[in-house]
Amino acid sequence: DIVMTQTPLSSPVTLGQPASISCRSSQSLADRDGNTYLSWLHQRPGQPPRLLIYMISHRFSGVPDRFSGSGAGTDFTLQISRVEAEDVGVYYCMQGTQFPITFGPGTKVDIK
Amino acid sequence: VQLVESGGGLVQPGGSLRLSCAGSGFTLRISWMAWVRQAPGKGLEWVANIKPDGDETDYVDSVKGRFIVSRDNAKNSLYLQMNNLRAEDTALYYCVRGSIGAYDIWGQGTMVTVSS
Numbered sequence: 001d002i003v004m005t006q007t008p009l010s011s012p013v014t015l016g017q018p019a020s021i022s023c024r025s026s027q028s029l030a031d032r033d034g035n036t037y038l039s040w041l042h043q044r045p046g047q048p049p050r051l052l053i054y055m056i057s058h059r060f061s062g063v064p065d066r067f068s069g070s071g072a073g074t075d076f077t078l079q080i081s082r083v084e085a086e087d088v089g090v091y092y093c094m095q096g097t098q099f100p101i102t103f104g105p106g107t108k109v110d111i112k
Numbered sequence: 001v002q003l004v005e006s007g008g009g010l011v012q013p014g015g016s017l018r019l020s021c022a023g024s025g026f027t028l029r030i031s032w033m034a035w036v037r038q039a040p041g042k043g044l045e046w047v048a049n050i051k052p053d054g055d056e057t058d059y060v061d062s063v064k065g066r067f068i069v070s071r072d073n074a075k076n077s078l079y080l081q082m083n084n085l086r087a088e089d090t091a092l093y094y095c096v097r098g099s100i101g102a103y104d105i106w107g108q109g110t111m112v113t114v115s116s
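Going down the list, the sequences are from chains A and B. Using our numbering, the first residue of the first sequence is number 1, and each one after it goes up by one. Using our numbering, the first residue of the second sequence is number 1, and each one after it goes up by one.
Keep in mind that a hint or two might mislead.
As the list claims (entries may be wrong) - With a straight-line cut-off of 27 Å between C-alpha atoms, the simulated BS3-like cross-links for lysine-lysine are:
id, chain 1, residue 1, chain 2, residue 2
1, A, Lys-112, B, Lys-42
2, B, Lys-75, B, Lys-64
3, B, Lys-42, A, Lys-108
4, B, Lys-64, B, Lys-51
If you are wondering where the hints come from, they were derived from the structure by calculation, not from laboratory data.
Isolated chain A, as found in the complex (with noise of 0.2 Å):
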């Protein structure tokens, strides 16, 4: 199975400012169809989840374009240009590319 790590797994940010989550994994996310099947998520407190980057870098329907995805093979960050409130919560990374599809553990984003 492929593990997913994320840090930090906490992170006090401040408005206005920017915020990075990395995410790792124990092995390469590059499928064999040459596309890299690693997303984000973010779950605010009592939502469920919802798809904020897929394929490392592409913005899903709607998301702001503060939020930016990158990396490649094991190694990848998301960034927030410039927090704010709505943007606390829980984030995830996840890899589609291989079964067990699986999660990092979560980063918690909240405001110092």
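Starting from the structure of chain A, add chain B where the hints point.
Same frame as chain A, but now just chain B:
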């Protein structure tokens, strides 16, 4: 575009439950579908996947032989039959749509509690 789960509840260890998920606003019959669960206060765990035509399924090891995922495309519905339930199956179960290697539509979830 939405997914609505139902069928959760309180069940004793060793018991069974069948979860249902109704999709609307999109063509479920051409979509990969899955179940993802979240134990109280914990992270996300993928449970099962099913191809659009239903002829291929995958499961996390912990539920193999106990859970069965199925679908009825004519009814825009997804199901999860859960047998021989254990305390560690207690979780909020989400129905999700798979697209381009990600899960882009999530239901609100249905809670399953396994306890005597």
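So, going through the hints one by one against the coordinates:
{"no.": "1", "hint": "A:Lys-112 <-> B:Lys-42", "result": "holds (23 Å)"}
{"no.": "2", "hint": "B:Lys-75 <-> B:Lys-64", "result": "holds (26 Å)"}
{"no.": "3", "hint": "B:Lys-42 <-> A:Lys-108", "result": "holds (12 Å)"}
{"no.": "4", "hint": "B:Lys-64 <-> B:Lys-51", "result": "holds (17 Å)"}
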